[in-house]
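Trainee: Following the hints, put chain B in place on chain A, whose structure we already have.
2 protein chains.
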Amino acid sequence: MRFEITARDKDTKARIGKIYTDHGIIETPCFMPVGSQGSVKTLSPKDLNECDVQIVLGNTYYLYLKPGAEIIKKGGGIHKFIGWKKPILTDSGGYQVFSLADLNKIEENGVTFQSHFDGSYHFFTPEKIIDIQRKLGPDIIMPLDYPVGYPSEYSTAKVANDISMKWAKISLDYFKKSSSFYDYRQTLFGICQGGIYKDLRKLGLEKMIQMEFDGYAIGGLSVGEPKQILYDLTEFSSEILPVEKPRYLMGIGKPEDIVKSIKRGIDMFDCVIPTRNGRNGTLYTSKGKVVIKNAIYKDDFKPLDSDCDCYTCKNFSRAYLRHLFNAGEILALRLFSLHNINFFISLTKRIRSAVINNTFKDWTREFYNSYFESGEEKNG
Amino acid sequence: MRFEITARDKDTKARIGKIYTDHGIIETPCFMPVGSQGSVKTLSPKDLNECDVQIVLGNTYYLYLKPGAEIIKKGGGIHKFIGWKKPILTDSGGYQVFSLADLNKIEENGVTFQSHFDGSYHFFTPEKIIDIQRKLGPDIIMPLDYPVGYPSEYSTAKVANDISMKWAKISLDYFKKSSSFYDYRQTLFGICQGGIYKDLRKLGLEKMIQMEFDGYAIGGLSVGEPKQILYDLTEFSSEILPVEKPRYLMGIGKPEDIVKSIKRGIDMFDCVIPTRNGRNGTLYTSKGKVVIKNAIYKDDFKPLDSDCDCYTCKNFSRAYLRHLFNAGEILALRLFSLHNINFFISLTKRIRSAVINNTFKDWTREFYNSYFESGEEKNG
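The listed protein sequences derive, respectively, from chains A and B.
FYI, in this note's numbering the residues of the first sequence are 1 to 380.
FYI, in this note's numbering the residues of the second sequence are 1 to 380.
Calculated directly from the structure, the hints in this document are not laboratory data.
Hints may contain errors.
As the list makes no split between identical chains, a pair holds if one copy fits it or if it spans any two.
Unchecked claim - Here are the simulated DSSO-like pairs of lysine-lysine, each with C-alpha atoms no more than 30 Å apart in a straight line:
id, residue 1, residue 2
1, Lys314, Lys86
2, Lys46, Lys314
3, Lys289, Lys80
4, Lys207, Lys73
5, Lys46, Lys86
6, Lys46, Lys302
7, Lys177, Lys135
8, Lys289, Lys166
9, Lys302, Lys73
10, Lys10, Lys105
11, Lys135, Lys227
12, Lys361, Lys158
13, Lys176, Lys349
14, Lys176, Lys314
15, Lys207, Lys298
16, Lys361, Lys169
17, Lys80, Lys105
18, Lys105, Lys293
19, Lys293, Lys46
20, Lys207, Lys293
21, Lys80, Lys298
22, Lys245, Lys176
23, Lys46, Lys289
24, Lys74, Lys85
25, Lys302, Lys80
26, Lys227, Lys298
27, Lys46, Lys80
28, Lys105, Lys86
29, Lys177, Lys10
All values derive from a computational prediction rather than experimental measurement.
Here chain A stands alone, though its shape is the one from the complex (with noise of 0.2 Å):
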């Protein structure tokens, strides 16, 4: 993997990128769809290319529970498995470990866990993640590590702070010395914790840029905390990161996050909201947020989006859509999180061209004004 800048905002730290993977280019800031099991809910890669999406996310802790690295290694990969041909990230499943799962308890050498879906017990240590994630075969793999949630007590960040980094330097170590089972390389990034505690967020970066990843996350944001320390830590760390490398925003975030963390120095970004909202009827637009079961659309025949070009703007009324989402149509999940991916997608190209066009300043200016109707949040 190579990662190159090719241009610079004027007025921000937002920058213009390219990262070379064996899969294809991936123009940054860049927004990654989530399909943790192996699909980005209700689309098809058919969708996912005509949104122009470049990268995809899988998830270890899924796929390793359901259907397994196994069947995936037999089925030629990831990108074999799931029909899709362009870049794959995994993410290492620390935070589904420490979320999602019905119990987890830290060991010396790893954390053991039970299954969500069905209470089997299971152990992950650092080697284990990089092995699936081997078999796996996605472009980008990233380590076990050890994210807290919001509130959590200096003492809490500080242990899983130090268990994070112990693990990063295990994965990085273990990472160099196995190899790829495909005819393509993968690479390894760190993810960076410490709560929202500056000196550990601090130590955590300057550990992890010691270790030498070809790309640094932010992780254990975005899990509770007030929107300024989100945005304070973002800036925080990507001041410290190096310059060379990709910056990965962990979990992040809505539209105005996205637009604000570029402006800090963000480069990859993932998150679920354009399709978890999708499924619950919560549509993002140009002109702000829809909720489109609201009475208000029940004749309204305009388009969801008239400045939008997706399939569900160009053949679609918001009367439709609404039917579609009251009558309990999986039809309207699926336009949905089409028109919300294509969204986010064609946020961050907009956003590109604005750097490059050195119109960064006053496109973010426009957006916040058609975005936001109340003018609120215009600054940050």
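Mentor: For chain B alone, kept in the frame of chain A given last:
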């Protein structure tokens, strides 16, 4: 609407035809996917076009309750509302009123029923059903009818048949006095009832034929009766119906039922089987049914049906499809519905070719040999 017969099979009653509507030509025999609520479950109009679907069904009962005929009229009619430019047929909702509604009570001029959605009371008359369908705007309208289940006493079937005939006459007279709200024509079919009793069927058919509808539906079958009764009554009805009008066997059926009914002179079919069974993980292939959750498919990396050219079969393995289904992914339901609809559409296409090429008899034998491993049900 105009119907033209372009070829006949030399060995059976099978015939090839064209139904001309203002939304295009329907080649018969045809299979019509069911989209009761204005959506063929999980599928987009683009998907249906890719499967070469020629006509879809809507349902008056469902669309009257949600979103309501006025909304659809305000939205420019059902084609525009649901984004489907080819022909549409709407069923009258008679079947739903008598099978799905929480309560139904025949009164002198119609039927009172309670919505299965919210328990609200409604009153349908033959005239109201025409009015609703004039507003909805399908190409083919079906009149209010009164089907009975299986088994039903002779006296019950007789009463329902008498009411169906009476309502058919009222519907036709009222239809002739009304006119289309749209810039295209609508046509009305008659529905023949009579339960499993041949004398009642004969009476119903003769009365309907006297009234001179543009097409004739055989209703009230596939409601639990033995297969031989279905085939016998289909043949019996088909022989009485006029040669020059399209014959529609309502709610049928399984692939083998479609083959057997085409042989008996049927031109049109609709059934929820491909989508409903798709959502249950039962898939139709040239080699018979596949129950995808079965463990034998867990590391089966072959396509679902190597004879099929649908998106599902061209892009994914059985192992991945099984994984998606077992992991509860909505994409599974979509890919399965797409494949099953493609299978049913392709089945009627292949039959049309076989009849045209005078190979229907051989084709049928080969189809059964491949579809039924056991060799059972080869004849009939």
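Trainee: Look at each hint and say if it fits the structure.
Mentor: How the hints compare with the structure:
1. For the homomeric pair Lys314 and Lys86, the shortest alpha-carbon distances inside one copy (26 Å) and between copies (18 Å) are both at most 30 Å.
2. For a Cα distance limit of 30 Å, the shortest separation of Lys46 from Lys314 qualifies both inside one copy, at 17 Å, and across copies, at 12 Å.
3. Taking the closest pair of Cα atoms, Lys289 and Lys80 come within 30 Å of each other only across two copies (25 Å); inside a single copy the shortest separation is 36 Å, beyond that limit.
4. Within a single copy, Lys207 and Lys73 get their C-alpha atoms no closer than 33 Å, and across copies no closer than 65 Å, so neither meets the 30 Å cut-off.
5. For the homomeric pair Lys46 and Lys86, the shortest alpha-carbon distances inside one copy (12 Å) and between copies (24 Å) are both at most 30 Å.
6. In this homomeric assembly, Lys46 and Lys302 come within 30 Å of each other (Cα to Cα) both inside a single copy, at 26 Å, and across copies, at 20 Å.
7. With identical chains, the CA atoms of Lys177 and Lys135 are at most 30 Å apart within one copy only, with a shortest distance of 15 Å there and 70 Å across copies.
8. In this assembly of identical chains, Lys289 and Lys166 lie within 30 Å of each other by CA distance neither inside one copy nor across copies; the values are 42 Å within and 52 Å between.
9. In this assembly of identical chains, Lys302 and Lys73 lie within 30 Å of each other by CA distance solely across copies; the values are 15 Å between and 47 Å within a copy.
10. In the homo-oligomer, the alpha carbons of Lys10 and Lys105 never lie at most 30 Å apart, since the shortest distance is 48 Å inside one protomer and 75 Å across protomers.
11. In the homo-oligomer, the alpha carbons of Lys135 and Lys227 never lie at most 30 Å apart, since the shortest distance is 37 Å inside one protomer and 50 Å across protomers.
12. In the homo-oligomer, the alpha carbons of Lys361 and Lys158 never lie at most 30 Å apart, since the shortest distance is 38 Å inside one protomer and 77 Å across protomers.
13. Taking identical chains as interchangeable, the C-alpha atoms of Lys176 and Lys349 are never at most 30 Å apart, the minima being 34 Å within one chain and 56 Å between chains.
14. In the homo-oligomer, the alpha carbons of Lys176 and Lys314 never lie at most 30 Å apart, since the shortest distance is 48 Å inside one protomer and 37 Å across protomers.
15. In this assembly of identical chains, Lys207 and Lys298 lie within 30 Å of each other by CA distance neither inside one copy nor across copies; the values are 56 Å within and 42 Å between.
16. In this homomeric assembly, Lys361 and Lys169 never come within 30 Å of each other (Cα to Cα): the closest approach is 39 Å inside a single copy and 70 Å across copies.
17. For the homomeric pair Lys80 and Lys105, neither the shortest alpha-carbon distance inside one copy (35 Å) nor that between copies (57 Å) is at most 30 Å.
18. With identical chains, the CA atoms of Lys105 and Lys293 are never at most 30 Å apart, being 42 Å at best within one copy and 33 Å at best between copies.
19. For the homomeric pair Lys293 and Lys46, the shortest alpha-carbon distances inside one copy (28 Å) and between copies (24 Å) are both at most 30 Å.
20. When the C-alpha separation of Lys207 and Lys293 is checked against a cutoff of 30 Å, the pair qualifies neither within a copy, at 49 Å, nor between copies, at 47 Å.
21. In this homomeric assembly, Lys80 and Lys298 come within 30 Å of each other (Cα to Cα) only across copies, at 15 Å, whereas the closest approach inside a single copy is 42 Å.
22. In this assembly of identical chains, Lys245 and Lys176 lie within 30 Å of each other by CA distance solely inside one copy; the values are 18 Å within and 74 Å between copies.
23. In this assembly of identical chains, Lys46 and Lys289 lie within 30 Å of each other by CA distance both inside one copy and across copies; the values are 26 Å within and 26 Å between.
24. Taking the shortest Cα distances, Lys74 and Lys85 sit within 30 Å of each other inside one copy (17 Å), while across copies they are farther apart (44 Å).
25. For the homomeric pair Lys302 and Lys80, the shortest alpha-carbon distance between copies (12 Å) is at most 30 Å, but the shortest distance inside one copy (39 Å) is not.
26. Taking CA atoms no more than 30 Å apart as the test, Lys227 paired with Lys298 passes in neither setting, with 34 Å inside one copy and 44 Å between copies.
27. For a Cα distance limit of 30 Å, the shortest separation of Lys46 from Lys80 qualifies both inside one copy, at 14 Å, and across copies, at 25 Å.
28. Taking identical chains as interchangeable, the C-alpha atoms of Lys105 and Lys86 are never at most 30 Å apart, the minima being 36 Å within one chain and 59 Å between chains.
29. Proximity of Lys177 and Lys10 under a CA criterion of 30 Å is satisfied in neither setting, with 42 Å inside one chain copy and 72 Å between copies.
In the structure shown, a violation is registered for the earlier hints numbered 4, 8, 10, 11, 12, 13, 14, 15, 16, 17, 18, 20, 26, 28 and 29, in ascending order.
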